[in-house]
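K.L.:
Required output: the full structure, derived from the provided sequences and hints.
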Amino acid sequence: MSGLVTQRAQSEHRRETQVGESRLVRVLLIGSALTFLGLFLLAPLLTVFISAFSKGLGPYFAALAQGETLDAIGLTLLTAGISVPLNVAFGIAAAWLVSKYDFWGKSVLITLVDLPFSVSPVISGLIFVLLFGAHGWFGPWLAERDIKIIFAVPGIVMATTFVTFPLVAREVIAVMQAQGSDEEEAALTLGASGLQILLRITLPKVRWGLLYGVILCNARAMGEFGAVSVVSGHVRGLTNTLPLQVEILYNEYNFVGAFAVASLLASLALVTLCVKKVAEWAAASRQAKRNASQRALSLPVRAESSLEGVSP
Amino acid sequence: MRFKTRGVLPGFGLSLGYTLFYVGLLVLLPLSAMIIKSSSLGLHEFWAKVSDERALAAYRLSFGAAFVGSLLNAVFGVLVAWVLVRYRFFGRGIVDALVDLPFALPTAVAGIALTTVYAEHGVLGEPLAKLGIKVAFTPLGITLALTFIGIPFVVRTVQPVLEEIDPDVEEAAAVLGATRLQTFRRVIFPSLLPATLTGFALAFARSLGEYGSVVFISGNMPMRTEITPLLIVTKLEQYDYAGATAIAGVMLLASFVMLLLVNLLERWTRRAEA
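Residue numbers (this note's numbering), protein chains in the order written: chain A, 1 to 312; chain B, 313 to 586.
Hints listed in this document are in silico derivations from the structure and should not be mistaken for laboratory results.
Each hint should be verified, as a subset may be incorrect.
[What the hints assert, rightly or not] Subject to a maximum C-alpha distance of 30 Å in a straight line, what follows is the list of computed DSSO-like cross-link-like pairs (lysine-lysine):
(1) K148/A x K205/A
(2) K316/B x K55/A
(3) K446/B x K55/A
(4) K205/A x K316/B
[What the hints assert, rightly or not] If you only want the chain B side, here are some residues facing chain A, beta carbon under 8 Å, derived:
(5) Y330
(6) Y334
(7) Y371
(8) R372
(9) F388
(10) P418
(11) L426
(12) V429
(13) Y553
[Claimed, not checked] Counterexamples of contact, computed for chain B against chain A with all Cβ distances above 10 Å:
(14) V335
(15) L340
(16) W359
(17) E365
(18) G376
(19) D412
(20) L443
(21) F449
(22) P451
(23) L452
(24) R497
(25) S503
(26) G531
(27) R583
Keep in mind it's a predicted model, so treat the numbers as computed, not measured.
Quick reminder that beta carbons are idealized off the backbone N, C-alpha and C, glycines included.
P.N.:
Shown next, in the form of structure tokens:
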């Protein structure tokens with residue numbers, strides 16, 4: 001463990017040298033934090049890949065090339081392909097609204113946008129069953145016209161869209177609020193139209209936050225389990241998404257198959273985390289550049305801490 | 313547009329209209345359908361559905377396991393945030409990125425992975441079983457899964473607060489003769505408390521409704537390891553829509569209470585920072 005702790009450069013390190021903890025305490029704290037994360041985070045993550053490849057590459061790819069799994073991949077791509085663009089359009093509109101204007105009821109609106117986060121995924125599925133299911137509000141009307149929503153693809157898309165809809169909005173709101181509207185207002189006085197301001201100034205400014213929001217929304221849309229499980233009806237080859245396929249294979253004791261499919265989703269999660277790191281890094285370097293140029297102009301520095309705080 | 317109080321940029325009407333339409337269609341309509349449905353049951357029937365023995369056992373388990381899991385996260389979340397902010401060590405960036413894993417990893421994947429690790433013959437389950445601790449298919453396993461789900465919340469609420477703490481205050485405490493532990497307890501911890509509680513509440517709210525990561529490790533025995541979201545699913549599978557809706561109503565109420573609490577806590581955090 002002792003080799004793990006590397007001293008920061010002395011100049012950067014004023015705090016720890018003056019009022020820091022002793023080396024022993026530091027090593028103990030780092031050690032227990034890493035043990036906790038190792039047991040709870042790393043062990044399950046590694047298990048996914050180790051179990052997936054436990055029988056070698058052949059069975060791994062055989063499991064992925066199975067017909068039902070390919071159908072599940074297709075449905076998952078379709079679902080994400082519909083719900084992510086919807087949520088991106090909403091996220092940009094909501095972020096523009098919340099960060100550019102003050103209006104009556106704004107905080108209520110923000111709470112409503114966050115609402116799907118605090119609702120159980122099971123309830124998120126249930127509400128669509130109550131609306132469109134056989135005994136739901138629109139159930140008889142839909143049945144007369146032979147339209148199937150619950151236990152069919154439209155229900156899966158709706159539930160997924162509901163569960164993932166705050167994700168883009170939240171990320172973009174955070175970045176847009178942090179960056180302020182100075183450039184946009186300057187463009188307005190120079191005669192730019194609203195659309196020009198959005199496309200040429202605001203979207204480029206928030207691109208990293210937006211990208212992370214889109215990737216996260218996509219990962220969650222492809223991985224949603226609880227809500228989709230309630231509305232899907234588990235019709236093999238027809239209404240099974242990847243996470244549901246994981247469940248089926250696992251319950252059939254086909255562990256290599258289950259973890260092979262799970263490894264696809266886990267890789268997607270890892271890509272998401274990488275994009276977040278890059279987005280944070282880009283935001284920090286933008287901030288540093290801005291600070292430097294503002295120091296040069298001796299203007300007050302605006303705090304810009306995009307992508308910080310709670311992402312959930 | 314008379315209620316707009318600030319903002320000169322164009323597009324207020326359009327973005328307001330679109331946002332309200334989307335939120336109304338996707339959130340308000342379905343949720344109000346649920347509330348109306350569960351209130352149409354009639355008080356007597358509603359009460360009978362939500363207070364039978366099996367439901368009570370499920371609430372106890374859900375609230376208990378979520379509470380213990382979030383408490384663990386409150387302690388270790390502060391520790392992890394502290395280590396990430398204050399120390400430099402090999403792999404810090406990767407550890408920092410990994411903290412968000414439970415947020416990005418599909419819950420079903422987390423569920424089967426945790427079950428495999430902590431099952432009786434799993435990598436960590438086997439040594440624990442030798443010590444007489446059974447994890448999978450017990451309330452302990454449920455707590456474990458809920459701890460996994462809650463990891464990012466406390467870390468990500470405490471981290472920015474910790475970054476903002478002025479080192480001068482700590483130096484002043486040290487100069488005045490406080491030990492490091494006293495400084496932490498009396499100076500640092502009070503300023504972390506609002507953020508820690510917010511993170512705890514967020515983790516608790518998320519854990520209450522969690523389904524995917526729990527169903528695999530819990531074993532799903534009625535009265536013993538059946539969490540409330542699972543009970544809702546079971547009732548739905550038995551076409552007991554009224555029962556499912558009633559219990560979902562109780563959980564929805566709990567979510568709203570938690571949402572309110574989180575909002576109050578966040579306001580407190582902002583005041584504490586200012």
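K.L.:
Going by Cβ atoms only, is P418/B closer than 8 Å to chain A?
P.N.:
OK, holds: P418/B within 8 Å of chain A, min 3 Å.
K.L.:
Just want to verify: G376/B was marked as not at the interface with chain A; is every Cβ pair farther apart than 10 Å?
P.N.:
At about 17 Å from chain A, G376/B clears the 10 Å cut-off, so the statement holds.
K.L.:
Say whether it holds or is violated: R583/B keeps its Cβ farther than 10 Å from all Cβ of chain A.
P.N.:
Its Cβ never comes within 10 Å of chain A, the nearest being 15 Å, so this holds.
K.L.:
Any Cβ of chain A at or closer than 10 Å to L340/B, or is the non-interface label fine?
P.N.:
Violated, because the least Cβ-Cβ distance between L340/B and chain A comes to about 7 Å, which does not exceed 10 Å.
K.L.:
Taking 10 Å as the cut and beta carbons as the points, is L452/B off the interface with chain A?
P.N.:
13 Å, holds
K.L.:
Does V335/B clear chain A by more than 10 Å, comparing its Cβ with all Cβ atoms of that chain?
P.N.:
About 5 Å separates V335/B from the closest Cβ of chain A, which leaves it inside 10 Å; violated.
K.L.:
Find the nearest Cβ of chain A to the Cβ of W359/B and say whether that gap is larger than 10 Å.
P.N.:
W359/B clear of chain A: closest Cβ-Cβ about 20 Å, beyond 10 Å.
K.L.:
Can we keep the F388/B interface hint, with Cβ of chain A closer than 8 Å?
P.N.:
With Cβ-Cβ at 5 Å, under 8 Å, it holds.
K.L.:
For K446/B and K55/A, compute the direct alpha-carbon distance and say whether it is at most 30 Å.
P.N.:
28 Å, holds
K.L.:
Tell me if Y371/B is really an interface residue toward chain A, meaning its C-beta lies closer than 8 Å to one of theirs.
P.N.:
This interface hint is violated because 13 Å lies over the 8 Å limit.
K.L.:
Since G531/B was said not to touch the interface, does its Cβ keep a gap of more than 10 Å from each Cβ of chain A?
P.N.:
Correct as stated: the minimum Cβ-Cβ distance to chain A is 13 Å, above 10 Å.
K.L.:
Is the Cβ of R497/B more than 10 Å away from each Cβ in chain A?
P.N.:
14 Å, holds
The structure does not agree with the numbered hints 1, 2, 7, 8, 14, 15, 19 stated previously, though it agrees with the rest.
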